[in-house]
Amino acid sequence: MEVCNCIEPQWPADELLMKYQYISDFFIAIAYFSIPLELIYFVKKSAVFPYRWVLVQFGAFIVLCGATHLINLWTFTTHSRTVALVMTTAKVMTAVVSCATALMLVHIIPDLLSVKTRELFLKNKAAELDREMGLIRTQEETGRHVRMLTHEIRSTLDRHTILKTTLVELGRTLALEECALWMPTRTGLELQLSYTLRQQHPVEYTVPIQLPVINQVFGTSRAMKISPNSPVARLRPVSGKYMLGEVVAVRVPLLHLSNFQINDWPELSTKRYALMVLMLPSDSARQWHVHELELVEVVADQVAVALSHAAILEESMRARDLLMEQNVALDLARREAETAIRARNDFLAVMNHEMRTPMHAIIALSSLLQETELTPEQRLMVETILKSSNLLATLMNDVLDLSRLEDGSLQLELGTFNLHTLFREVLNLIKPIAVVKKLPITLNLAPDLPEFVVGDEKRLMQIILNIVGNAVKFSKQGSISVTALVTKSDTRAADFFVVPTGSHFYLRVKVKDSGAGINPQDIPKIFTKFAQTQSLATRSSGGSGLGLAISKRFVNLMEGNIWIESDGLGKGCTAIFDVKLGISDRLKESKQSGIPKVPAIPRHANFTGLKVLVMDENGVSRMVTKGLLVHLGCEVTMVSSNEECLRVVSHEHKVVFMDVCLPGVENYQIAIRIHEKFTKLRHQRPLLVALSGNTDKSTKEKCMSFGLDGVLLKPVSLDNMRDVLSDLLERRVLYEGM
Amino acid sequence: MDALITQLQRQFRDYTISLYQQGFLDDQFTELKKLQDDGSPDFVAEVLTLFFEDCVKLISNMARALDQTTGNVDYSKVGASVHQLKGSSSSVGAKRVKALCVSFKDYCDTQNFEGCVRCLQQVDIEYKTLKTKLQDLFNLEKQIIQAGGRVPQVDIN
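Residue numbers (UniProt numbering), protein chains in the order written: chain A, 1 to 738; chain B, 1 to 157.
Warning: the hint list may mix true and false statements.
What the hints assert, rightly or not - Just a few of them, taken from the derived set where beta-carbon distance is under 10 Å, the chain A residues facing chain B:
| # | residue |
| --- | --- |
| 1 | Leu443 |
| 2 | Leu445 |
| 3 | Leu449 |
| 4 | Asp616 |
| 5 | Gly619 |
| 6 | Val620 |
| 7 | Ser621 |
| 8 | Asp659 |
| 9 | Cys661 |
| 10 | Gly693 |
| 11 | Asp696 |
| 12 | Leu712 |
| 13 | Val716 |
| 14 | Ser717 |
| 15 | Leu718 |
| 16 | Asp719 |
I should point out that these hints are in silico values taken from the structure, not numbers from a laboratory. Just so you know, even glycine gets a beta-carbon here, dropped at the ideal spot from N, CA and C.
Required output: the full structure, derived from the provided sequences and hints.
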């Protein structure tokens with residue numbers, strides 16, 4: 001502190017020194033004033049400074065110091081008391097503030113220091129986080145690569161594409177130098193280099209599967225680092241220059257369809273593996289990171305799955321192709337078969353005609369020749385010719401018949417015939433031969449056997465002839481008996497039920513002979529074509545083995561059954577067959593009976609005494625019809641209404657002519673009523689014929705549906721009526737060819 | 001005498017043929033003639049008499065049914081009578097009458113009053129004409145028989 005020195009100094013006040021002090025003080029003051037200004041300015045700029053109060057203090061301290069120094073400028077010279085006062089005040093304030101500041105700083109400086117420490121700490125933390133973020137980003141990218149890889153791998157079902165894509169993507173993702181896939185060979189004893197990344201055409205080169213390094217890799221599902229010098233990793237010719245990059249190998253399970261049992265998971269022990277080898281670029285200091293290894297493992301699994309899908313697809317495609325081929329082949333075969341059948345049918349149709357014509361010519365002419373004058377030798381020759389041609393004709397017919405039967409194209413020709421007469425005729429045909437062989441034939445017809453039946457007369461005769469003929473052929477001695485009866489519930493086979501329906505019945509014919517008999521074992525073979533029992537005795541009787549086969553087929557067509565019973569060789573046998581026939585409720589015509597084959601009625605037949613009933617509402621046409629019938633000799637009763645007709649009709653009338661010209665069905669009802677009247681006496685019912693204005697199909701159908709036996713077109717001419725009557729009485733039905 | 005018979009026979013033949021050619025008769029009439037024999041010598045005459053009586057009856061039925069003064073025309077009745085007439089005419093071989101009946105039936109079905117009336121009139125005319133002509137034919141026959149000759153069989157075609 002400077003004292004107001006009014007006293008003369010010790011030494012004379014050096015003007016120069018005074019001047020220097022003066023200037024220094026001045027500058028100090030300026031400095032002291034500007035520092036707080038700067039502080040304020042910069043603090044104002046940064047808004048975050050926490051210690052404002054300290055700054056204010058500091059500022060005050062500095063300002064005061066500056067003020068002190070400034071006031072000091074006036075104290076160099078003599079000064080007044082005011083100046084001294086101001087100076088003192090300034091100094092006092094400065095002192096207070098600076099002490100306060102000093103005290104304050106004691107608190108503040110440690111804080112400030114710790115701030116610095118924290119700052120350092122945070123910087124370190126930030127650096128660490130940056131590092132970790134970098135790591136995470138890498139991992140995420142790797143994950144993205146895996147997803148993309150998987151997507152690529154799974155987006156195709158073609159095996160090669162899958163594997164190629166895997167290698168390519170892996171190579172890209174991991175920046176590999178080389179990537180290779182070794183697949184097991186068929187034998188399973190070696191691994192073959194199948195795919196590589198860089199080399200376009202890998203050398204076909206194998207490595208035995210039992211290498212320890214390979215076993216090691218196959219033993220774990222993880223990716224393993226292997227030595228770059230192992231055989232699987234040596235894919236390129238090694239030139240000693242560079243250091244090989246690290247190599248990792250991982251197994252890829254190959255799943256086969258057979259591995260998947262139902263409800264089973266694949267057995268691990270029977271798996272086959274492929275080996276994937278990945279090589280980092282040589283001469284780089286790269287190492288395999290954990291996340292990269294994980295990536296590789298994941299990819300290997302995905303590849304396995306994708307491969308199995310591809311395998312399944314291939315399998316199913318192959319199966320489908322195979323099926324299509326088979327389909328085509330079958331189609332072809334079918335068409336060929338159809339062509340063959342058609343060709344055969346055409347052939348048969350032609351042969352049928354072509355063969356029979358010459359045959360008939362031969363037979364006819366030979367018979368004629370027989371009638372002429374011949375020498376004994378010539379006669380013998382002609383007889384032989386006749387016999388052979390007959391045999392040939394029979395054979396041809398049999399073969400043709402059988403083919404048609406097999407086709408199913410044969411249809412029965414139904415007609416009404418006399419059953420009793422049929423049997424008698426068959427017997428008459430066989431008798432000559434039987435007499436020669438001294439085999440008496442007896443015929444027993446059951447008393448309830450219907451006389452007139454509906455069926456295929458010709459074929460039934462063929463069957464009976466065949467069976468009886470066989471009986472005669474194969475018997476050397478003894479007798480033959482033919483029995484015919486109506487069979488009811490006595491059935492032989494459990495699966496064949498005889499149900500006599502209203503207008504049908506089953507005819508059973510038993511032909512018993514006392515001939516050679518048949519071995520029970522041979523019985524099933526009898527009905528097969530061309531098979532014959534081997535006994536020598538029968539060999540000589542000739543004939544093909546077709547007869548029984550044909551008979552069996554005819555019997556089947558007639559909804560029947562045929563079988564043979566035999567007690568064994570030498571004990572004779574019985575042939576039995578059942579066939580279904582229709583019952584015909586035809587009245588016995590006294591003039592018709594006794595004629596075995598009904599010949600055509602001569603044109604001028606006499607219908608004398610034939611009682612007929614004519615029903616017609618129209619008087620004129622009634623009279624005309626009556627006149628017609630009377631002219632033919634019938635006894636005509638006339639009625640003019642349905643009721644009258646029903647009242648008058650009786651069993652004495654053989655035919656009822658009814659006019660149905662009026663539209664509607666009233667006239668037809670009469671037919672039904674007549675049927676009803678005669679249900680009990682079916683065979684006495686008169687024939688019903690409609691006289692109509694038209695005979696188109698619908699009329700015919702209508703008539704048939706109402707139970708009429710025929711339709712005639714009005715007006716009827718005399719000849720027409722004559723023909724119609726004779727047809728009607730013979731056949732009891734008149735619907736064809738009008 | 002013989003010349004007369006021959007002349008009559010020729011007349012008969014020509015007349016018969018003309019009847020066929022003019023469409024008054026058809027084959028059914030021929031059939032009818034066939035039915036005439038010793039057992040029924042007047043068969044044809046009987047049938048024709050019956051036919052003409054039928055005509056009269058049916059025509060009067062139809063006229064009554066077509067009479068509008070009694071209310072609406074019952075075409076079903078008319079149709080029934082026409083049907084009967086058609087049947088009768090076809091039984092005797094009255095060709096023209098039958099043809100008329102066919103068209104009459106059509107008019108009936110379509111309920112054409114004018115058509116029906118017209119047909120009725122025509123039928124009336126036709127059957128009377130036919131009756132006259134057949135009467136003449138029978139007279140010729142009688143004359144031939146009275147002259148001692150035989151009625152010839154006329155072969156149409």
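Numbers of unmet hints, in rising order
When the structure is compared with the hints, numbers 1, 2, 3, 11 and 12 turn out to be violated.
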